[in-house]
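Visitor: Sequence:
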Amino acid sequence: MRNEAQEQGPGFGIEKLFLKDVSVEVPNSPEIFTSREAPQISIELNNNAKPLSDGFFEVALQITVTSKQADKTAFLIDVTQAGIFAIKNVPEQGLEPILAITCPNILFPYAREAISDLVIKAGFSPVLLNPINFETLYMQQKEQQAGGSSPNVN
1 MRNEAQEQGP GFGIEKLFLK DVSVEVPNSP EIFTSREAPQ ISIELNNNAK
51 PLSDGFFEVA LQITVTSKQA DKTAFLIDVT QAGIFAIKNV PEQGLEPILA
101 ITCPNILFPY AREAISDLVI KAGFSPVLLN PINFETLYMQ QKEQQAGGSS
151 PNVN
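Going by the numbering used here, the letters in the sequence shown line up with residues 1 to 154, in that order.
There may be inaccurate statements among the hints.
When the alpha-carbon atoms are kept at most 27 Å apart in a straight line, the in silico DSS-like pairs for lysine-lysine are as follows [unchecked claim]:
1. K121 to K72
2. K121 to K88
3. K50 to K142
4. K142 to K72
5. K68 to K20
6. K50 to K88
Cβ-Cβ distance ranges computed for the label pairs, FRET-style [claimed, not checked]:
7. A122 to G94: 37 to 45 Å
8. P51 to E143: 19 to 27 Å
9. L52 to N28: 36 to 44 Å
10. N89 to E113: 28 to 36 Å
11. L52 to N105: 29 to 37 Å
The set of hints was computed from the structure by calculation and includes no laboratory data. In this text, a Cβ means the ideal position worked out from N, Cα and C, and glycines have one as well.
Generate the whole structure from the sequences, applying the supplied hints.
Guide: What follows is the structure in structure tokens.
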């Protein structure tokens, strides 16, 4: 009887965490290493979730870090950290926040570590990404969706 109750209750688990894709480009080497210009770092973030089978989801967090010095690309590093998560017996309205907030929060430290290591191995000074508030990003996305195509007025 107890096993039935446990199976019917909501459940969340990490099945597997893995580095799905990685790319490192240093297009202007070796000249870029002699530049004395201060680097300009830009970061792009993308989170995708897709169902796999009953109660299993793949969530992939893609982070692209680009460094430019004097309008030349010093490096471009693209990391996709992914995980397979078991999410069972969760109502539909509870599923989206888990996929958009909880799962990326679990994946982010792994992606950050991979990026930091790759930047150093590419010959550059370390880049440590600041923590990301995925809850705020999720809320902003929901507000934009609720606003439809109306322009954002400040």
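Visitor: Output the numbers, in ascending order, of every earlier hint that fails for this structure.
Guide: 2, 4 and 11
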